[in-house]
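Enquirer: Following the hints, position chain B against chain A.
Number of protein chains: 2
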Amino acid sequence: MKLYGYFRSSAAYRVRIALNLKGLSYESISVHLQKGGGQQHAADYLKLNPTGLIPTLVDGQLNIAQSMAILEYLEEVYPEPALLPSDAAGRARVRSIAQAIACDIHPLNNLRVLQYLKHELNADEAARDAWYRHWIDRGLSAVEAMLAGHPSTGKFCHGDRVSLADVLMVPQVANARRFDCDLSKMPTITRIVEECNALDAFARALPERQPDAE
Amino acid sequence: MKLYGYFRSSAAYRVRIALNLKGLSYESISVHLQKGGGQQHAADYLKLNPTGLIPTLVDGQLNIAQSMAILEYLEEVYPEPALLPSDAAGRARVRSIAQAIACDIHPLNNLRVLQYLKHELNADEAARDAWYRHWIDRGLSAVEAMLAGHPSTGKFCHGDRVSLADVLMVPQVANARRFDCDLSKMPTITRIVEECNALDAFARALPERQPDAE
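Each protein sequence line maps, in turn, to chains A and B.
Position one of the first sequence corresponds to residue 1 (the numbering used here), numbered consecutively onward.
Position one of the second sequence corresponds to residue 1 (the numbering used here), numbered consecutively onward.
In case anyone wonders, no lab produced these hints; they're calculated from the structure.
Virtual Cβ for every residue (Gly too), placed ideally from N, Cα, C.
Keep in mind that a hint or two might mislead.
Below, in silico cross-link-like pairs of lysine-lysine (DSSO-like), each with a Cα-Cα straight-line distance of 27 Å or less [unchecked claim]: (1) Lys-47/A - Lys-155/B; (2) Lys-35/B - Lys-118/A; (3) Lys-35/B - Lys-118/B; (4) Lys-155/A - Lys-47/B.
Here chain A is said to cover these stretches of chain B; the calculated rule only asks that three of the stretch's residues, wherever they fall, bring their Cβ under 8 Å from a Cβ of chain A [said to hold, decoys possible]: (5) 16 to 27; (6) 53 to 64; (7) 73 to 85; (8) 100 to 107; (9) 121 to 135.
Isolated chain A, as found in the complex (with noise of 0.2 Å):
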């Protein structure tokens, strides 16, 4: 398998994350997001993804865009460990988790709307931030009141072993923390995340030690 990411794309982090807790050995191809405006606009890249981010996922003869897409795909194909529930209710509650920071904080927060931001509508550093810092506090938030007090809250966010929510949780996090958020009021989330973190697999994923770490 080829994974194309970047190593500070918290979307191609999740990808290296789940082929990390199944023993997938990948091939890692850096896609850079800001050299020569961007590689993920270049004509080959878009001829295998053409949505023109990251990450893609190749298997075979397959390309695969969207982490979230990518990630199920690899739960069917790859069944072992699990990475969703065994029952209907717990695979919704970690699609709901794993959703809601797929959509409700990422996209906000990517690159290329922060550089909208910055061109198309004249807003400062100081004003981005505040953007990025409003969308992950609102986010968190929410995640850490889905997990807060639930009794299928365990050592990870759904009982005691990780799942897709971790694996999103994690990433989303990584950048709270580049932006000096204040998760002071999650207690949960950091909880998890900690546990994620001394996990070899997490540990393996981490942007700074991927081969194209700046």
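Expert: For chain B alone, coordinates are given in the frame of chain A:
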């Protein structure tokens, strides 16, 4: 089942389509997104769905947040008719298209984001409309490129059976039309949307046919 939604919410619209396609009856509960500062922020609703976003599906004792998580749940628990193909590659393609809409377009044009642009960044109506159209144009152009000329594209996004890709696309195109986006370069999308809207399950889910339509 109960669906907490709002006639104009395209995320709720997705769920209405899927419930109709699967022949599931449900009680529609309107959560007015603007009345009284937004009923989605009321304490009772936040107990049901801490994200303060719609929709929420209630099925027996289970509350599910996030439209994509709801759609996956419905697919697992009420599998007929299937809204995902039977092969992993096909499922990956359908989920890629669906997530390209759910993640790359819709979250950027949500009401709360438009409100932030207005109140925090002082973006006027023209700037907000340009923002709205920009992300739709970028996002749907990518979806058009994923569909046009692809051997798996048929009468619908994936072959000749309706899938989650269509379920996501139709509400997004309805939003695009409400904001007068130019869809002239997206002939595959507009052809498929026309096919979909000719079906009763899609027609009954239209915003203007909901009991809370204004």
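Enquirer: Which of the stated hints cannot be reconciled with the structure, identified by number in ascending sequence?
Expert: Failing hints, ascending: 2, 5.
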